[in-house]
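A.B. asks: Using the hints, build the complex out of the two chains.
One-letter residues, chain by chain:
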Amino acid sequence: MAGLLLAGGVLHADEARSLERLRVNHAAMVSSEQDFHDRQRRGTLSGVEATDYAAYVARLHRLVAEDCAELALAGVSLPPELGCPRLTPNLLVPPPIDQASEQTPDEQLAALDAELMGGLGDFDEMLLREQDRVRAKAPMSDAGGAGGGGAGAGSGDGSGEGAGEGDAGAGGAEGESAESGEGTEASQGTGGANAGMGGRESGPRTQRDGRKRGAPGNIPNGDDDDVVARQLREAAEKETSPELKAKLWEEYRKYKEGTS
Amino acid sequence: MAMRSISLVPLLLLLALMQGCSTMGPMRGVGDTVVLDKTVVELPEAQLLDVWVEIFNPGTLPKDEEDAAGLSMDIREAEARYFPEQLRATMERTGYWGAVRLVPRNTAGSELLVSGTIIESDGENLELEISARDATGKEWFRRTYSKEVDYTQYLRIDREGEDVFQPLYNTIANDLAKLRAKLERGEITEIRRVASLRFASDLAPDAFDGYLEQNGERFNLARLPAADDPMYQRVQAIRDRDFLLIDTLNGHFDNFTREMEQPYTDWRRARSEEAAKLRALEREAMKRKLLGVAAIIGAIAIEASGNGNRAGSSVARDVLILGGAYTFKTGMDKSSETGIHRDAIIELDESFSVEARPLVVEVEGETHELTGSAEMQYVKWRALLKRIYESETGFAGT
Chain A
100 MAGLLLAGGV LHADEARSLE RLRVNHAAMV SSEQDFHDRQ RRGTLSGVEA
150 TDYAAYVARL HRLVAEDCAE LALAGVSLPP ELGCPRLTPN LLVPPPIDQA
200 SEQTPDEQLA ALDAELMGGL GDFDEMLLRE QDRVRAKAPM SDAGGAGGGG
250 AGAGSGDGSG EGAGEGDAGA GGAEGESAES GEGTEASQGT GGANAGMGGR
300 ESGPRTQRDG RKRGAPGNIP NGDDDDVVAR QLREAAEKET SPELKAKLWE
350 EYRKYKEGTS
Chain B
141 MAMRSISLVP LLLLLALMQG CSTMGPMRGV GDTVVLDKTV VELPEAQLLD
191 VWVEIFNPGT LPKDEEDAAG LSMDIREAEA RYFPEQLRAT MERTGYWGAV
241 RLVPRNTAGS ELLVSGTIIE SDGENLELEI SARDATGKEW FRRTYSKEVD
291 YTQYLRIDRE GEDVFQPLYN TIANDLAKLR AKLERGEITE IRRVASLRFA
341 SDLAPDAFDG YLEQNGERFN LARLPAADDP MYQRVQAIRD RDFLLIDTLN
391 GHFDNFTREM EQPYTDWRRA RSEEAAKLRA LEREAMKRKL LGVAAIIGAI
441 AIEASGNGNR AGSSVARDVL ILGGAYTFKT GMDKSSETGI HRDAIIELDE
491 SFSVEARPLV VEVEGETHEL TGSAEMQYVK WRALLKRIYE SETGFAGT
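Keeping their order, the protein sequence lines are chains A and B. Take 100 as the starting number for the first sequence in our numbering and just add one per residue. Take 141 as the starting number for the second sequence in our numbering and just add one per residue.
Same shape as in the complex, but just chain B (with noise of 0.2 Å):
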């Protein structure tokens, strides 16, 4: 007992430590059904926070051998892809937003940032976790968010054309609206001052220095560059191509997703339908066998109980006996009638892999070829704002 009770406080101790480290939130299960909320009135301009989805973490496969089966990288990198972009398409549908993009991982620059990365997803199963981070460096929350859906779900969304995760998008654009309703008019313009003062900042330092009290990850105003400052409307000029950039991006993302839309929904509903199917036998199996076993078990229970030597005693022994191992035999056969359905689910899996593959490919090469050269740009332009700034102020900057 006195050892049993030492080798729990380890185990406590890690719990106890878990949680103070944790910064997830708590986890939310999504229901069926859930409603979009939307605007009532179209928000004044000035109220309008503009939100980067960033391309989500696609997180590690499942260490269970037998729960990775199948899925892979490449499918993973694909959803990391996919579904941000039904979230912001989601969000922008609130009115709640001003642009809505979607933005590779670590772009600097946005108003408010949603991060997500996938914890699972198998096609019935998407656990997400979801953060988001404002320009002054304010979280606004860590959750993850998770749905299980069935295969007879997605016959339903053929009809109904929508994902069959939607409820989870609806949901976390629903507590992101509830978190922005609570900002006062004087926090979302902060808001957004800091973030264009965070990108002048970075584009011309010496220019910029002193506007913003940076303590940590969080950032202040510590004043403001006059509305008519040239070099500020310079810096919003190359602010306004950065959208630009990151608008044609959105292009790239947006032609990803349609094409990959129709072979990933079909993914998900083959590979759910196998797995229930694979279910059921497994259950069916499982419950043969049990009752195989019971049986041989009541046989020898008889033969125990010293009444194996009446001749009716011994004849209902035998059939129990033959029916247990009968029954067992067919809870084996079911046992193996699953592995056709694990090797489906396999094979299922391979082909999208080979089928997402490509297209992962071609817009990660086509996002980096275009903030390649939009990155050499801006060094010209950092290169070019500085010498405006010495030849303005007459000072040399650092």
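Chain A extracted, bound-state conformation (with noise of 0.2 Å):
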């Protein structure tokens, strides 16, 4: 509740409701993300998946974005945490002289921030569509598999921090790399030459038992949940503030409501 109290004073209930609107969307974006990439890194997201996925989170982006507007529009000191561009108002209403020499650095950093979040959000919608175009020319035997080389990495390979690493090397593969050495070889394959294990295909799959990670009784049987619902039930699981909790089950049975 005392996102509720603001610098400015009490919300009225309309901007209250819009305000927990935006915790719930920024919420979900800021995990989706986060999740997103590290499933690209993984390669457990298939070319279908990860376009799916990429268009929830550009909409989460967008949604957030409206919401940061909105409130802005509306007088409501936004709190930091919830990183809204925090000219939004004046991106939306065309400035009457040059804002930007009356800007103070913060600000202008600010507007140049949500330039590029827009350009950003932009170019993922661009790639979608040119996505759509693949899928649509994808020869009709199996067109399901158009993507090619798919699921996209992610960032983050730990720069910065030393980033903790895994621990076992690489499993199979032993033995000189046999720079030299010439004539045919039959039958050569090391170790490990079997198990099966399909590369980003293997990857491991998302724990779906909603039922286990305390979700509401009315929340449905994940198994058929589509890369934006799993998306939406794992926000869900993760989320340790009771009400937002419960915003994004509402959201996800929702959805599933809206998709069933």
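Warning: the hint list may mix true and false statements.
[What the hints assert, rightly or not] Covered stretches of chain B, going by a simulated chain A footprint (3 or more residues, C-beta under 8 Å):
| hint | region |
| --- | --- |
| 1 | 382–388 |
| 2 | 391–399 |
| 3 | 521–533 |
[As the list claims (entries may be wrong)] Now the in silico label distances, taken between C-beta atoms and shown as ranges:
| hint | chain 1 | residue 1 | chain 2 | residue 2 | range |
| --- | --- | --- | --- | --- | --- |
| 4 | B | Arg245 | A | Gly174 | 50 to 60 Å |
| 5 | B | Met516 | A | Gly182 | 21 to 31 Å |
| 6 | A | Glu342 | B | Gln373 | 23 to 33 Å |
| 7 | B | His508 | A | Glu342 | 46 to 56 Å |
| 8 | B | Gly350 | A | Gln133 | 22 to 32 Å |
| 9 | A | Arg232 | B | Met213 | 23 to 33 Å |
| 10 | A | Ala345 | B | Arg245 | 50 to 60 Å |
| 11 | B | Ala416 | A | Gly218 | 51 to 61 Å |
| 12 | A | Glu356 | B | Glu532 | 41 to 51 Å |
Quick caveat, the hints were computed from the structure, so don't treat them as lab data. None of the values given here were measured: they were computed from a predicted structure. Even for Gly, the Cβ is constructed at its ideal location relative to N, Cα and C.
C.D. replies: Structure representation (structure tokens):
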């Protein structure tokens, strides 16, 4: 509730609702974006899943930006942890004067950041349209497989802080790299030549049993979740604030109803 | 003798020079069965390197007119996209790598870049020069791989559904996996960080000046940005879009490969079969010509021995000459039959070339269109990042 009391005083009910919605959307956006990057990095998303997921994240970005703009226009001072561009209202309303020269450095920075985020969103949408085109042009025999290189890798290699690395080295491949040597090699292949590990297809699967993770009773079983539903479910599962958790489950339930 | 010795000197010098200059590794012939090395356990994400396999260099057609008959650069251009896709898919199956993507030539930003040049490809022989270089600029290897198949192997792959040159792709993937296994964890981390910072310094050179030390083609980490560095996070957000862009391109490449797969396999099989018949006829023709010539020479020898005036010898001589002439003639006939198969090969090549060209043109057009719009977007982002950097630091960048 403390979040509802801001510097400007007590909020109106509709402003409080907007702020709450912003919090939910922001939490879902942060969680989903992080998860998206992690999955891309691990290569566990197929081409189609990556597209759907990217679209979902882009939609959350738009929703957050819209909420920020709405609240800023209403004169609500926004909590900094929500990451709203501070000049959103000014970006939406064409300035009558040279706004840049009137801005503080912080305001200029926020405006530039907002411009960058807007550009990224546009780019995402352009790529999504292109991916739709790719799928439409896929040979009819097995159109579902379009996507080629598939799931993009994400950012973040731990640069900056010496991120902890995993442990095991490569399994299987042992021995010399055979830098020299000539002639025909029949049946080379080194150790571990089976196991059916299919690279990116073999990534860990999501735990979908919501009941085990505190899903409310009216939440449907997640066995038939598509990628968007799965992300909503995971965001809800990970959320620690009971209030936000309930909101996220509600979003999940609505989404499932809308898609079933 | 002295002349011969002198004339050999330049040749020996040339050979020595060629050996000294060559960066080519050893030639590697590939057998019919090569088991693909796959991971036994799933590797931790931090130990995975993303791989970009470049569209291959199509190389040049054989200088010998007969060897080049029918082959065309249209076919080579199609193969330059088809072969790396086969290698990409093979590497992806091993589990040793992160995302494995196919990228246009000269695309910067990879953690490990695999490049290739087609040295020879005619349906029966495939020879590829493959090299791999990581983000720090270290060349892992440069090696030529070759494999020969005959048309009966195309019949086998119809049943098994894999490319007839799959053992060659497996060999390359296995070699790369072996080299990767030699890397220490720290080396893998450094490669990943250097790749990330090379991307960052390309996009925002002012902000990331001094993070990398460059010495020729080699890059070393000088220092690291803080994990919560806002500029670094902005660049990473753009890098994610770069990956998404390449994934989208891979959708086009994938469509191309699947459209090409059947006609390409049919062409290689038919060409290989015709080539086998051609070789059999050429061998037969040559054998008959040699036999014919030997018979005629034998007859002449009988004549020269002075026994030619005897009636029996005379008959034998005539039989030999006539028989030899006949055998020689059938050899010549066989030679002219080879022309039919040679024409068939040329016709097959021309037909496939006509089929492949529009596919290549289409995928190239899509690649250019997409990378063109992306490049324009990147120019805007570079300018924006520069302004952000100036706004953050108060310094005007260079």
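A.B. asks: Against this structure, judge whether each hint is valid.
C.D. replies: Okay, the hints, checked on the actual structure:
| no. | hint | in the structure |
| --- | --- | --- |
| 1 | 382–388 | holds (count 6) |
| 2 | 391–399 | holds (count 7) |
| 3 | 521–533 | holds (count 7) |
| 4 | Arg245/B to Gly174/A: 50 to 60 Å | holds (54 Å) |
| 5 | Met516/B to Gly182/A: 21 to 31 Å | holds (28 Å) |
| 6 | Glu342/A to Gln373/B: 23 to 33 Å | holds (28 Å) |
| 7 | His508/B to Glu342/A: 46 to 56 Å | holds (51 Å) |
| 8 | Gly350/B to Gln133/A: 22 to 32 Å | holds (29 Å) |
| 9 | Arg232/A to Met213/B: 23 to 33 Å | holds (28 Å) |
| 10 | Ala345/A to Arg245/B: 50 to 60 Å | holds (53 Å) |
| 11 | Ala416/B to Gly218/A: 51 to 61 Å | holds (58 Å) |
| 12 | Glu356/A to Glu532/B: 41 to 51 Å | holds (45 Å) |
In summary, the structure agrees with every hint in the numbered list given earlier.
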